[in-house]
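Assemble the whole structure, with the sequences as input and the hints as a guide.
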Amino acid sequence: MKWAFLISGTIVVLAGCGAKPNSAKSKTVVIYVSEDQVFSEPILKDFEKETGIQVKAVFDTEEAKSTGVLNRLLAEKNNPQADVYWANEPVRADVLRQQGISTPFKPANAQQIPEQFKDKQGYWTGFSARARLLVVNRAAKTKPASILAYVDPKAKGKAVIANPLFGTTTVQMAALFAVWGDEKGKQFLAGLKANRVKLSTSNGESADFVGSGEFDFALVDSDDAVDRMRHGKPIDIVYPDQGEGEVGVLILPNAVALIRGGPNADNGKRLIEYLVSKETERKLAVADCAQIPLNPGVTPPKELKPIGQIRVMRVDYANLAVKLQSIQPVLKEWVGY
Amino acid sequence: MGRLLISRQITLWTAVAVLIIAGVLPLCLVLATSLADVGNYTSTLGNARIWRIFRTSLVLTVLTTVLAGFAGIPLGLLFARTDLPMRRVLTFALSMPLLFPPYILAVGWYEVLGRGGLLAQWAGSPVGEVTSRWLFGLPGAVLVLTTAFLPVVLLLTMTYVNAVNPTLEQAARLFSGWPAVIRSITIPLAAPGVLLSLVLVFLLTMGEFGAPAFLRVTVFPVATFTELTAFYNFGAATAAALPLVAVALLGLTMEQRVLRGKSFQFGWDGGREPSLLPLGRIRTPLCLLVTLAVLLVVALPLGALVFRGLSLAALGEAWDRAGGSAARSLGYSAVSATALAGLGFFLAYVIHRRAVVCWRWVDAAMLFLFTLPGTVIGIGLIALWNRRSTNWIYATPAILVIGYVAQYAVIGTRIILAGFAQTSSAVEEAAEVAGAGWFRRVFGILVPILGPSITMSWVVTFLFCLRDVSLPLLLAPPGYDTLTARTMTLMANGSAELIAALCLLSMSLTAVPLIVYGAARRMGSKAT
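Quick mapping for you: the protein sequence lines, in order, are chains A and B. Residues 84 to 420 (my numbering) are what the first sequence spells out, left to right. Residues 270 to 797 (my numbering) are what the second sequence spells out, left to right.
It cannot be assumed that every hint is accurate.
Unchecked claim - Computed Cβ-Cβ distance ranges for the label pairs, DEER-style: (1) A:Glu133 with B:Gly308: 47 to 53 Å; (2) B:Trp588 with A:Ala191: 32 to 38 Å; (3) B:Leu783 with A:Gln392: 30 to 36 Å.
Unchecked claim - If you want the ones that stay clear, here's a sample from chain A, every Cβ over 10 Å from chain B, calculated: (4) Gly183; (5) Asn192; (6) Lys239; (7) Arg353; (8) Glu362.
For the record, the hints were derived by calculation from the structure and aren't laboratory data. Ideal Cβ placement from N, Cα and C applies to all residues, glycine included.
The structure is reproduced here in structure tokens:
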């Protein structure tokens, strides 16, 4: 057995070197990330390189539907392990405010970001956004211009939407319920069923269905749309409800929050400043995730309009968090969960 | 004498206490917490969706077990008792999927049958659409898990067939032909082992998380994981796991019934090699058929993975993104395997010598923990250790090592127990009469004698820890993830090349324990 202990010891030392153990707390920051690891990790690596502060991250999986690390934060409320939460939309970041898990911090680098995309008290700050857009197959006979196309009898059996229990489609539903009112929201859900709208497992799958021509259109995140366009799929992007008096496009910025009682608060603040900076927004715009910058003067991905040219849905993200909780039973029943 | 007896009892009870703290206590805690609100159970178990998922899990598990048995038992007999050419090569090739997590095979099949896979490129995208829909569903999950767990049936069938005393077969051959001998002697004698392999496949499939998650098949472990991570509802997650607990108990009962009172002498040493059934004219066609099957179910998906991921750019990116995780995977697995070998030795001693009153419960608890999905054990460990006062466990990789110890204690123990079964207790008794103390007997006599079993236990548990997905996903502290966890998180929007390269990296890690085992065997043979 001696050799086994010897080998174990050697490997542990090697693994320890790989892990860069936390020798000095002040040179470490812990972040929980809901944004896809493949896009967020390079940004965090750049931060490490530029500051010398080691980033320890926990990322979400597909199966956790972007809420795994949020729930880990909730579980660790009395024993916080993280300094920063990087959410891929602001509603769940606001849940942390409501639960007393985050603490206010207004980063200087976010001063030019429109107020609509920041919490007034500084509990979270939005940056690099996704828009909820319609992707339409070029061969489709009808071109939808509104989300209400889903319940138009002409589109019966021709549209697909991601499961509204998870991810950004949940937020979309909460936004529609908030803007339209509960009654119209429920009618819309009933209309989806009556119009035989297909339920997919994710926005990516919805975009694939439209790209392959199985369905005419789908409501997806802008990054899913851009990805399929870049892969040569025959789809067009439609910004829904852009007319006068219409509800506009739901914008979902990334949101970053400082955790109350986190072990490395100062480094957490530095990381937040870095994440909301123009430089990070530029990187996320040119990356495959094709995020729309919120800081003025940063060029958006070529397939997408700048934020200033989009009619944006006027929503209060804090209210959406409350609405999201209240409509969850409705959505669960609708999905048959 | 009294002091020696006390030190022996303290050591053995300490080993039992480690098992209780690592596995039993967390489960009791989470069960007690969830029972505090009976609504968790009424709402979760009264939900039709839970039973739909249970039905999916059961269908997947039964189909996988039947197919693995249907293919694995004849192949085991073929490789163990016939003169089929290339038996060793074919056995190794078919056993390869057991070395790495099943989701790697799922990714491999995705490269073949997915929308942009090899088949779609060759036969056109409409074919790819159909095969992709087929793969991302129950048929695909059955295909992947059958391929992944077929080696369990194959290897255990071979092991138990080889354990049949050849003189019995040779005596029977005097009166009847080979088919009758196989039917009447070999199969009945090996049947308990074959049944055990089927029970194991059943339980492994029921608890599998990675492959069904990748293939978007909502089975129980995936539903429990989602319940915990997407809704963070401990109570509901525990309640949702209850049907799995029932299945685990069923498996435990079956295992006890199948093997109770039966002892097997492995490594038959009667001095006579078993004679092989001559296949005659069908020898070559049968060999070609089996080779074709191996190419189809193992070489094709793994080859597609290599084809996609074996580029300098992809491997470079995989190493850049996951090199540290790979090193940590090796480290955690090595530490856990060492702990499991040490714990396994003492627990095997407890069971074999019936050294503590509750030895049967110890055995049952270990098997029960193994049959539970990692998600359930993870939930229990979080509930127990997520406190400020225990951050030295919860915020460090120790929590993961504890999880591995809880889940895989039975494997390490059972392998060493098989070694104990082949060791005469007279050796230890003679040393005791000569005045050797207990520790001296253990480390001076038993450990050297059981060296090969302990080594095998280390290697096998190392592999199990290395391929585990659900425990690191739930328990790895920030900055301390494993390669399997990192691969799963990178699957969200990661490129196909990167995912394939990560799978290749994961596969290459499995070479480490095999090299260790090979080196240990060489050292052992030199020593003798």
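Structure-based check of each hint:
{"no.": "1", "hint": "A:Glu133 with B:Gly308: 47 to 53 Å", "in the structure": "holds, 50 Å"}
{"no.": "2", "hint": "B:Trp588 with A:Ala191: 32 to 38 Å", "in the structure": "holds, 37 Å"}
{"no.": "3", "hint": "B:Leu783 with A:Gln392: 30 to 36 Å", "in the structure": "violated, 59 Å"}
{"no.": "4", "hint": "Gly183", "in the structure": "holds, 16 Å"}
{"no.": "5", "hint": "Asn192", "in the structure": "holds, 24 Å"}
{"no.": "6", "hint": "Lys239", "in the structure": "holds, 22 Å"}
{"no.": "7", "hint": "Arg353", "in the structure": "holds, 17 Å"}
{"no.": "8", "hint": "Glu362", "in the structure": "holds, 21 Å"}
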